[in-house]
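Student: Listed here are the chains, written in short residue letters.
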Amino acid sequence: MRRSSWRSWLPFIFLVTAILLLALHETQILLPVENALQTVFAPLQRGAARLVSGLGNIFETIGETRELRAEVEELRQRVDALTAENIRLREHEAAEVQLRSMLNFVATNPTWTFVGADVVGQSACLNSPCGEIVGYETNPYLRYIMINAGSADGVGLGMPVVTSGAVLVGRIAEVSTHTSKVQLLNDTASNVAVFLQQSRATGLVAGQADGSLRLGFVPHEETIAEGEIVLTSGLGGVLPRGLVVGQVSQVIRQDFALFQEAVVRPAADYQRVELVLIITHFQPFVEEETGTQE
Amino acid sequence: MLTLYITLPLLTALALVQDALLAPVSIMGARPDLVLVAVAVWAFLRGPIEGSLWAFIGGMILDLFSGGPLGGITLGLLVVSLLVRRQWGQELGSTPLQLVLLMLIACFFYHVVLLLVLLWAGHAVNWSYGLSQIAGPSALLNAVLAPFVYWPLSWLDRRTRPEGFTLVRD
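Protein chains in written order, with my numbering: chain Y, 1 to 294; chain C, 1001 to 1170.
Please keep in mind that the hints were generated in silico from the structure rather than gathered at the bench.
In this text, all values refer to a predicted model and were calculated from it rather than measured experimentally.
Ideal Cβ placement from N, Cα and C applies to all residues, glycine included.
Please note that the accuracy of each hint is not assured.
To spell it out: a stretch of chain Y is covered by chain C in this simulated footprint if at least three of its residues, at any positions, have a beta carbon under 8 Å from a beta carbon of chain C; those stretches are [claimed, not checked]: (1) 5–16; (2) 178–188.
Pair ranges (Cβ atoms, derived) [unchecked claim]: (3) T1003/C x Q250/Y: 53 to 59 Å; (4) W1127/C x R7/Y: 15 to 21 Å; (5) G237/Y x S1132/C: 38 to 44 Å; (6) A1121/C x V33/Y: 16 to 22 Å; (7) L89/Y x P1162/C: 53 to 59 Å; (8) L1004/C x L51/Y: 22 to 28 Å; (9) R1161/C x S151/Y: 44 to 50 Å.
With these hints in hand, go ahead and build the complete structure from the sequences.
Tutor: Here it is in structure tokens:
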């Protein structure tokens, strides 16, 4: 009887604990505990990601084999081998293109420092510490990815994360010892100061609930055109200047509004990002006294 | 009560499947929430006490994988575990139909709690978009998934139900 009455309190205890956790999370008191739990779960998460990736490759190969078996049964085994090889080479080729692009980016910014990281379970080692892990956001209203570089690799809060050269993906939002969570540009809490390459108009790119990017706070008198490249302005010093955010796909002008807006097509498909670089050090942009850009 | 030796690995496995395999899936905005469905079905089978235990453990693991505030998903799942009752919708007759109806309601409340937590944490929340484009389609998808999750969990329920356990619900 006593045990039964104690058990009946469990839902209430869990509810109060969850609310307490929410409150304590905001005060950052739980950070060491969260880091410890992350350390426990990160290998499991990495293993699951590898397993899923491996199973995906197996299913893909099986699908191709069935088609080939119907056509040329006697060549089945050879085709299997070639298909597997082909997949492997394609992945190598795609990785090489990305790595070359990142290498160029690193070479063109010799004063910055970087950390390489992998988002979907492939090794991405340049000369920087990197690894392999993937974590997708489990809350449908948020847009984060988990990468396998953490404070042990020199990653810190707010650091910019880029891919495919100078394409900005997001910023580091949470760091534990060996993993970090990246807040993608299209998260609703993400805001980035930008300028447009041709018109030089400035504004703020914010993530929208539907996953798109919206450029706002562009003065009404500025003339912006569809197709313009959107780059980070570097104002505030939290991001380097000149990272690619996207391209203007639609301009929204309303006569009565103080500012005009634009829909921005992201320069990268955030769901397909595999390799990223974290810029651990850069020279912040300093606006000249005249207000002109460098 | 189902022992923690089973509950913890089972929910960890479900959360990992959701994180690695199902989280990137989006069918017209709908996302399959395996842990949510499992919690609702277990609460349906075993009542709110065991349901809340599953909600707490499953929610905590999902929260660790999320960039959102720790406890947000846990709170949503706890609300679901406390809402789901076998008595509800009994007049509908068949269990699958009951489950579908319960999942629709549970999923709606789960998403409302997620949005409220994000609002509290300072995120910009678009209620109309969230409820119509994410919560609605997800509720439909998870309602369809519920009977498929029910079969293995009802088997587990039969296998692990203690001798002399009554069918009287909390």
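Student: If a hint holds in the structure, say so; if it does not, say that too.
Tutor: Structure-based check of all given hints:
{"no.": "1", "hint": "5–16", "result": "holds (count 6)"}
{"no.": "2", "hint": "178–188", "result": "holds (count 4)"}
{"no.": "3", "hint": "T1003/C x Q250/Y: 53 to 59 Å", "result": "holds, 57 Å"}
{"no.": "4", "hint": "W1127/C x R7/Y: 15 to 21 Å", "result": "violated, 37 Å"}
{"no.": "5", "hint": "G237/Y x S1132/C: 38 to 44 Å", "result": "holds, 39 Å"}
{"no.": "6", "hint": "A1121/C x V33/Y: 16 to 22 Å", "result": "holds, 18 Å"}
{"no.": "7", "hint": "L89/Y x P1162/C: 53 to 59 Å", "result": "holds, 56 Å"}
{"no.": "8", "hint": "L1004/C x L51/Y: 22 to 28 Å", "result": "holds, 24 Å"}
{"no.": "9", "hint": "R1161/C x S151/Y: 44 to 50 Å", "result": "holds, 46 Å"}
Checked against the numbered hints given earlier, the structure breaks only hint 4 and satisfies all the rest.
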